[in-house]
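Visitor: Take a look at the letters that make up each chain.
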Amino acid sequence: MNKVVSRREFLKTSGGVALFIGISGLLPQMIACKNNKEVQKLLKKHQLTAWVKLAEDGQITIYNPAAEMGQGSMTSLPAIFAEEIDADWSKVSVEFSPQESEIYGSDKWSPNNKVMLSAGSRVTYGYYSIMRQAGAQARYILMHSIAEHWKVPMKELSTANGEVINRRDNKKIGYGEIIPYLIMPDKLPEFSESELKDPKNYRFIGLDRPRVDIPAKVKGTTQFAIDIQLPEMLYGVLERGNLHGARPNLNNESEILALSGVLKLVPFDYAIGIIAESLDQALAAKKLLNISWSDAPASGFNSQDCYKKYEKIASEKSAGKVITNEGNINSAIKSAGKTFSVDFKNDYVYHAQMEPLNAVVQVGTDGNSAEVWVGSQQGFDSKLGVPGYLGIPAENVKINLQYLGGGFGRRSMTDFVLEGTGLAREVAPRPVKLIWTREDDVSYGAYRPLTLQRLKASTDAQGKITGFSHCVVGDGGNLVASGIRIDYYDIPNKYAEWREVSEGIRLKHWRSVGHAPNKFAIECMIDEIATYFKKDPADFRRILLAKSPRALATLDKAISMCDWYSTIADNHAKGIAFLERSGTLSTGICEISVDRKTGIISVHRFWSASDAGIVIQPDNVKAQMEGGILMGISSVLKEQLTIVNGRVQQSNFNDYEILQMSDIPDNVETAIIESREPPRGVGESGTPLVACAIANAFLKLTGKHLRHLPFTPERVLNALNT
Amino acid sequence: MASQSLKINNKTYDVDLNEDTSLLWVLREHLGLTGTKYGCGIALCGSCTIHVDDKPMRACSLTLSALNKDQKITTIEGLSENGDHPIQQAWVEAQAPQCGYCQSGQIMQAVTLLAENPNPTREEIKAYMNGNLCRCGTYLRIVKAIEIAAKKTSVKT
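Going down the list, the sequences are from chains A and B.
Read left to right, the first sequence gives residues 3 to 724 (our numbering).
Read left to right, the second sequence gives residues 447 to 603 (our numbering).
Among these hints, one or two may not hold up.
As the list claims (entries may be wrong) - Below, in silico cross-link-like pairs of lysine to any residue (SDA-like), each with a Cα-Cα straight-line distance of 25 Å or less:
| id | chain 1 | residue 1 | chain 2 | residue 2 |
| --- | --- | --- | --- | --- |
| 1 | B | K572 | A | I230 |
| 2 | B | K572 | A | N669 |
| 3 | A | K640 | B | I488 |
| 4 | B | K598 | A | A218 |
| 5 | B | K590 | A | I674 |
| 6 | A | K266 | B | K572 |
| 7 | B | K453 | A | D657 |
Please keep in mind that the hints were generated in silico from the structure rather than gathered at the bench.
Please model the entire structure based on the sequences and the hints provided.
Guide: Right, dumping it as structure tokens:
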């Protein structure tokens, strides 16, 4: 008795049955089925838009459409749904949804276009309304069904904690017990804001609960793609060299093919691939590859010498791509009481996510289908480019999303997925697990772009900023331009532009994208001006933020948290920064000291106050701010990626050092400003606060400027000695 | 290739592999014990931390040739039946993990810390855990989790 039920039909079911309630924004469909395997088959056939799977014992599975890379969406999105359906959380479990963007995508990325993408700190923002509606509609179906069965008006019913209650006689029934009586209403309402749950009755939104993914993470049972084991699985590795885009010529093909366990060599434009029976055999063969590399666009490029060229470009008369042009910056500068002109620089930064890139791919025998297991941040193409790569229809590709061992923007790139596909195609139908070594991950990374920022500001004689001009020179379009806007600062004449260069180095979004370098420049410039006019930097910003009350609230909160105005130890100083990222407003303050012999900066404490709109799980926000700030400290004080003659110089954690336990501040304190605005994300708000807060503290402490990221001990000593 | 016995989590496994295969690949790809993670392969990140005779070791740098059947190897899977080791419970209470990839190694290192030093200072914790990297930046919560676990076990004794 397995049938698709629509509208008023229903099926009686008996024990142990799973029921899917579908919400698609169109008329919902409902499937009742005895056999879970049958249900899965029916789901495939009918493209059900299932957000929830309800069993007769009341166990409720909620589907999470987002990736989980530690930011907590696996818990917070289901919590939104559970709030509106009024679930008993003790009966809730969560699974990743299918990667089908027509059904599970959000239109918040681009209107009329549904996208599944976990990036830009936009997951909660993208799914908040969707999950609320879906939960409210699921609840409506449950109430409607039992109202019909009990023959009572729906308005006499209410729900609480996974039960429907008849207020008249206090009769109760658990959601699972309603399954035999389920029917579809003629019309499924779209709930307006006032018809959704009153926030004063919230049990989940705004309240912390233990994250659903943590128990497995402390047992080591969480499955990352790199952990996958499949029958007949082979292993793949690639040798890509360290000159991006260089073409390989393999000199010892027969020697490699003769090695134990090696099955195939697969050439790529930029690499040689090896398929072997075991990982150890694949890696042993990789070490023995003798490859001659061609030149590439990056040949001759030196990351430490290129800034002179960028300074020339910044000085050219002709503008690049204009991003902001308000008022008249030229006349502001001409008529200024005082002008400031400062250059800022930032080197490349590597993602360093702890799980090296990998993917498991299986291509069908006829080459007309593929299945992928991968930790991905998803993308505008929810099939990650695999259909196009193989030249097959999208519906023939299934993506099985896994937990990510870190994303940070790297895992929304599809290079490792397509490499796995290229290998799997050669040995179809056997699955191939492609693994990047850490060395591969470092040297063939896709980095935060290196940029030069030229900032100019004009003030009147008293220190009021009349004009602010920002030119960023770098490769990567929005990768370098994000964060350049300062709409919240009350400055009448604003100008910002991007001037393009092309160096042939692979680039990508790196946690907060252009915000970390751009806010570094902007916030340091603000403090430079404030300091010149002998104004307190916090007070100076208070005037600049006068027309942005939400921003001011974060400033005032951070200042009070850290006792900004009180004196501290002689060899310590505090620095402040404000920024907006993904709609969230944050003020950050750090307290540092400097060892003037070694040039090592120590961050003792960090405070932040953020307005992120409605917060689903406060502890998640705190964890993201803490983690983001620590990642910021790491990239500002410890990490350095250099390129010589186009070749990446670093290869592992021995020469690309990231923050260790011994480097952490004593305390990172985060405050969340109460808000009823729609939720925004904080995943990328902590990181860009750090460089500027530290540099501003350094300026306060020493009177010297740090203008080149990272603040290596050498650069700190140079600054101290100017 | 030679046959070799390993005692892992109180169970004996027979492996038939090249003697310079690293224990990390043996555990993960040959025995399916994937709780121990690959992060760097050069013993710098600590993601592969396991116990050999109750001492913390990096599985990526141990080859089969260096191991014998009498050594007691413990992986994260062997720490407890149900994830209820006091340190695992403390980790949950502190809500320490984010992506979770480094956490097996962090927990294994923390277990030996508290075995050797049941009431460590904050500085002692940081020094002992310093070889375990976390990119998500959960260090502060890891310290908190260890302090929670130390307090709970000291209350017991």
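Visitor: Given the hinted pair K453(B) and D657(A), is their alpha-carbon gap at most 25 Å?
Guide: Given pair K453(B), D657(A) is violated - Cα atoms ~35 Å apart, limit 25 Å.
Visitor: Assess, step by step, whether the Cα of K598(B) is no farther than 25 Å from the Cα of A218(A), and give holds or violated.
Guide: Within the cut-off at roughly 22 Å; holds.
Visitor: Holds or violated: K590(B) with I674(A), Cα cutoff 25 Å?
Guide: holds, 21 Å
Visitor: Given the hinted pair K640(A) and I488(B), is their alpha-carbon gap at most 25 Å?
Guide: holds, 19 Å
Visitor: Is the Cα-Cα distance between K266(A) and K572(B) 25 Å or less?
Guide: violated, 46 Å
Visitor: Is the Cα-Cα distance between K572(B) and N669(A) 25 Å or less?
Guide: holds, 14 Å
Visitor: Take the C-alpha atoms of K572(B) and I230(A), compute the straight-line distance between them, and say whether it is at most 25 Å.
Guide: Status violated; Cα separation ~33 Å.
Hint compliance for this structure: hints 1, 6, 7 are not met, and every other hint is.
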